[in-house]
Every structure is written in C-alpha cells, then in structure tokens.
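Residue numbers (the working numbering): 109 to 375.
Worth flagging that the hints you see were computed from the coordinates, not collected in a lab. We put the CB at the ideal spot given by N, CA and C, even for glycine. One thing to keep in mind: the hints can contain errors.
[Stated by the list, open to error] Label pairs and their calculated CB-CB ranges:
| no. | residue 1 | residue 2 | range |
| --- | --- | --- | --- |
| 1 | Q313 | S279 | 17 to 23 Å |
| 2 | P319 | V369 | 17 to 23 Å |
| 3 | S279 | E315 | 18 to 24 Å |
| 4 | A181 | Q275 | 35 to 41 Å |
| 5 | E218 | D160 | 19 to 25 Å |
| 6 | I257 | D290 | 30 to 36 Å |
| 7 | G320 | A356 | 21 to 27 Å |
| 8 | L373 | T165 | 18 to 24 Å |
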Amino acid sequence: MGRRTDLSSLLSSPEETAPAPRKARDSAPLTVPVGDLTENPDNPRHELRDLDGLAETVRERGVLQALGVVPAAVFLAAYPHHEKAVGKAPYVVLHGHRRLAAARMAGLDEVPVLVRQDATRSDEDALIENVQRDDLTELEQAQAIQGLITAHGYSQRQVAARIGKTQGFVSQRLSLMKLRDDLQEALADGRVSVEDARRIARLPQEEQALPGEQGAATVPSARKEKRGRDYGVIRIDSRGTPEDVVEALRRHLAPAALDRVVELLSR
109 MGRRTDLSSL LSSPEETAPA PRKARDSAPL TVPVGDLTEN PDNPRHELRD LDGLAETVRE
169 RGVLQALGVV PAAVFLAAYP HHEKAVGKAP YVVLHGHRRL AAARMAGLDE VPVLVRQDAT
229 RSDEDALIEN VQRDDLTELE QAQAIQGLIT AHGYSQRQVA ARIGKTQGFV SQRLSLMKLR
289 DDLQEALADG RVSVEDARRI ARLPQEEQAL PGEQGAATVP SARKEKRGRD YGVIRIDSRG
349 TPEDVVEALR RHLAPAALDR VVELLSR
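Let the sequences and hints guide you as you build the complete structure.
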C-alpha cells in the first residue's frame, strides 16, 4: 500500500518539519537577544500566517532551528539603501522570519542564530528558499521571483533553473506582478482568487478591476467559451497526486478560503 499523504500538511506551513539549512562555512553558533534582530527589508513574506501553533511550540520547546543572520554592517555594505529600515539592530535576519515572529509572540528573550558574513549570497539563498516554500502565497512567490530578476538580472529560464521549477511556473507567478497595486492588495487579503487575478492580469492596467465592480472589463468571448459553464467549479483529477490537488485549490481559492480548507482538514 502506498504512503498516505495528509492534504492539510501540504497546505499548511512546513516550518517545524523543514530540514535545517546547510550550515555555511563562515557561520558560528550564537545566542542573541531578540531585540538585537531585525527583519531583512527584502524578505518577500509580507504576511506571517498561522503563527499561534508555532508560537506555542516555541514557548514549550524553544526555537529548535537556528535563524540565519548577517551582521548589520555587512548587510548595509551590500545594501546601503536599507540603512533606515535596519536601524540600530546589530543583526539582520535572512532566514527564519517566522521563527523570529513566533519567538516574539512566545515572549522569548533570546534565540539561537548562525552568523554569516556574505550578505549578497545569503540574500539570494533566502529569496530562492522563499520561492520554494509551500506556505507562501502565489503573490509572495511572484514577488520573490521578481526580486531575483531585479537583484541579479536573471531571465525567467535562469530563475526556473535556480529554484528548481519549470519556466511555466515562473511565468504564471510573474503574471500576477502585472496587476495594479490595489488589485495585488485585493489578492493578498483574499478579496480575489488567484484564478481571477491571473485573468484580470491579462488586461491592460487601465481596464483592470475587481470582478463585479462597475466598469470592470469582461473576459474576451473566446476565453469565455473555453471556460464554458464551469466558472467557479474546481476540477480535480482523482488520479492526481496530493500535490496536484493542492495546486488546483491554490489556483481557484482566495487565501482566506484556502485557510478555511486547511482548518477543516486539520480537525
């Protein structure tokens, strides 16, 4: 009998089960006060979701996986435009933003860190790690991919090779970056689904609007015919893998609805 896969575990955060990142040669184990750490301003994770469970684990067992950090001076030497955002914190977190947020929620005074001395390389590693995380929304993945392209001048094909995804995956995510800022916010807070967002992103920005809004452009008839009468219906192949099911749900459900699915499956 094949191994049974829990769909809720695929949809929820893998924070506690993810393997520890490979230790860099210039890393050194250290315990530092939480107040000495600040987040990387370029971190694409704008929403730290589902922290209650992780915070409870951290409260009981502590932070089991050290955060990856870089001295602020090293970080600012590579990214001087972030001086205001970094402030006076001695260290900038490159890996482990959820663990830091959970530690703060749990009231911890100190956390373990691994100190690295290469901010540029670590920043790229952090972006790649974030793209590959299952708990990021498609918009957050798109922002991370765009960060790789902007910071390192990669093509879509090069990004796909770097993150171990197909070029189609990269292209689909980047299509969301064509949305107006207010529509990206609507996607982030669950007022529009990923499927609708992709459809809207095909339109010129001056014609983009939320479904049902006055003046919203309609989908060209050829696309309507292709979609047929199944708009709003999620088709899932029963022979597909759990990963296929997850991808289908993410394409069609807004983040708020997806979170509700995770909650129901976790019961």
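Hints and how they fare:
1. Between Q313 and S279 the beta carbons are some 19 Å apart, a value that agrees with the proposed interval 17 to 23 Å.
2. P319 and V369 have their C-beta atoms about 21 Å apart, which keeps the hinted 17 to 23 Å range intact.
3. At about 21 Å, the CB distance of S279 to E315 agrees with the hint of 18 to 24 Å.
4. A181 and Q275 have their C-beta atoms about 38 Å apart, which keeps the hinted 35 to 41 Å range intact.
5. With their beta carbons about 21 Å apart, E218 and D160 fall inside the hinted range of 19 to 25 Å.
6. Distance hint check: the CB atoms of I257 and D290 are about 23 Å apart, inconsistent with the given range 30 to 36 Å.
7. Distance hint check: the CB atoms of G320 and A356 are about 24 Å apart, consistent with the given range 21 to 27 Å.
8. Taken as a hint, the range 18 to 24 Å holds for the pair L373 and T165, whose Cβ atoms sit roughly 19 Å apart.
Hint violations for this structure: number 6 only, all remaining hints satisfied.
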